[in-house]
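Peer 1: Here's the letter readout for the chains.
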Amino acid sequence: MKKILSLSVLAIAFILLTSCSDDENPQSGSIEIEFDNVVGEDDLTLNTTDEVYTNAAGETFKVTMLKYYISNIILTREDGTTYQDEVTADGSKGYYLVDEANTASQLITLNNVPAGSYTSMTFTIGVDANRVTEGAQTGALDVANDMFWSWNSGYIFLKFEGISAASTEENKAVMYHVGGYKTIDTNPSSANNVKTKTVTFTAAKVASDKTPEVHMIVDVLKIFASPNQISFAAVPVQMSPKENIPVVENYLNTFIADHVHN
Amino acid sequence: MCITNAAKITGIPAGLLIFIALAPVLWGCSDADATADTSYTMEQPANFPKATYTFENNPVTKEGFELGRMLFYDTRLSGDSTISCSTCHIQQAAFADPAHRVNHGVANRLGTRNTPALTNVAFQSSFFWDGGSNHLDFVPVNALTSHVEMDNTMEEVVRRLRDIPEYQKRFKNAFNKEEIDSQQLLHALSQFMVMFVSANAKYDKVIRGEGEQFSAEELAGYDLFIAKCSSCHATDLFTDGSYRNNGLDTDFKKDSGRSRITELPDDLGKFKVPSLRNVTLTPPYMHDGRFQTLEQVLSHYASQVKNTPTVDPALRSGDSLGIPITDDERVKIIAFIKTLTDHEFGKDKRFADPF
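Chains as they are written, first to last, in my numbering: chain A, 8 to 269; chain B, 25 to 379.
Hints are supplied without guarantee of correctness; some may be wrong.
[As the list claims (entries may be wrong)] If we take Cβ atoms under 7 Å as the criterion, some of the chain A residues that face chain B in the derived model are: (1) A108; (2) T110; (3) V150; (4) N159; (5) S160.
Don't read these hints as lab results, they were simulated from the structure.
Backbone N, C-alpha and C define an ideal beta-carbon position, used for all residues, glycine too.
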């Protein structure tokens, strides 16, 4: 509690010291963040007839599902001041499920963002532990969204499913369900895969009459390529938080801010 | 419910409490008791550890509780609309299932684990035999979606509820949200289940000094229980909530237990220590329901504990395994365990089938 209090004091001091311009100029606007899922040079298309994509291990595949959570978004202005997207305890605000099968979900709009010139964004890929320990959630975190493990409670942060001739599974299935929010000191098998990522971009200028768009590119190939090359023949299905650490290391490199439309 | 020094745990604003208290008067309910209605307040028994449920996020209300009850008993929640939560969690059996060794679901599918009793769930911090869930709200998701249990999807359950006018009305009254979602469904089920407080067994009345006394045999059994059983079946919940390998098997190929969750070899064959409250009502016993009687259970601890690397240290003394229990001691311990049966709980009309 002391820590929270002192953090609060710091935060208040920070606001007092740095945000005077906002108080004098209460203008605000919106910003859009588009998540554009691609496969190398190509736009991602779900459920292609053939296995039109080839991973770094040289295995052909097609994609049937790609979904992931983006949350706790913080935007940073040129002068270092920040705007934090509101996160509510019931999950109704601040959590976004980007689903390749749902075009609307790929565009996150933040409203009431203070006017200014923003040059970087920090966000969590996944869902923090509180959302599990606080009980049933709503909105993007509604368990009906099928991004939740019921037998071992916890959110799935990223769900990739596809089909690959290289897979040894029934129907040549490939499934990577990545999650894991627990850190247990006494358990070396526990994995906390709640990771934040910061991307930088040329100034996105928010004003009451201007809604810039940050265009994010998420390359599916990179999820299985670098720094850890992953073979669908070797591991067609992986759901263990610990065993998926290489995938997490990869997908942290996958989220890139490509350009900004002002 | 006559629990002295009960601490109310509701998180309901005072104004709402007054409103709830007045509700019978306002709605002309036949309830003759004009004093504050505590039927929908989870009361903390004086001899229990503190409740763990997050009441601040989901305070119990009459509307939410009654909605939860209806959902709990509604077969439409299962894929083929044949079974409900109450099919396997039977009130008269402390919400366990004495008729089946392991969980059984739609189309007579069988699972691998014995149905646990749902008593005193507001005081538990982990759920399932392997502790896979750490919040009560998420427990029903497993039952609803398991292929061998209710075999539905959360999306489909919510879709069905949205189509039923009775539920549209009840969800609106309970949560006042635009549209039914799984959060409201899970909150309603939790509001019903957290009220399953079983704390009025003979044991409780003895311990709280409410006019009951142990017989000589029960008292002897109590002393033996404290000496031989209470290191695991601890506190007045009669479990310490830990995971232990109690020496049932020589290998764990059928069910790795806690290790399935932690992925730790050290947790192979470990299962959650179950509460012994109402245990006379909840056979069969063990995670796979292999024993039908308490005599068999105690005989296991006395002479059948199997040696594996993860067997619990409490069951090992030098080269010998198990807990020394004579036939006479077994009789006395069982006499004591019978005092943990709460005969009021199974008859509590609040928890009965509303259909």
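Peer 1: If you take the shortest Cβ to Cβ gap from V150 (chain A) to chain B, is it below 7 Å?
Peer 2: With Cβ-Cβ at 5 Å, under 7 Å, it holds.
Peer 1: Should the interface hint for N159 (chain A) be scored as holding, given a Cβ-Cβ cut-off of 7 Å against chain B?
Peer 2: N159 (chain A) check passes; min Cβ-Cβ to chain B is 4 Å, inside 7 Å.
Peer 1: Interface hint check: A108 (chain A), Cβ to nearest Cβ on chain B, cutoff 7 Å. Holds or violated?
Peer 2: Interface hint status for A108 (chain A): violated (13 Å vs cutoff 7 Å).
Peer 1: Hey, does the S160 (chain A) contact hint survive, CB to chain B under 7 Å?
Peer 2: holds, 4 Å
Peer 1: Would the hint on T110 (chain A) stand, with a C-beta cut-off of 7 Å toward chain B?
Peer 2: violated, 19 Å
The structure shown violates the earlier hints numbered 1, 2.
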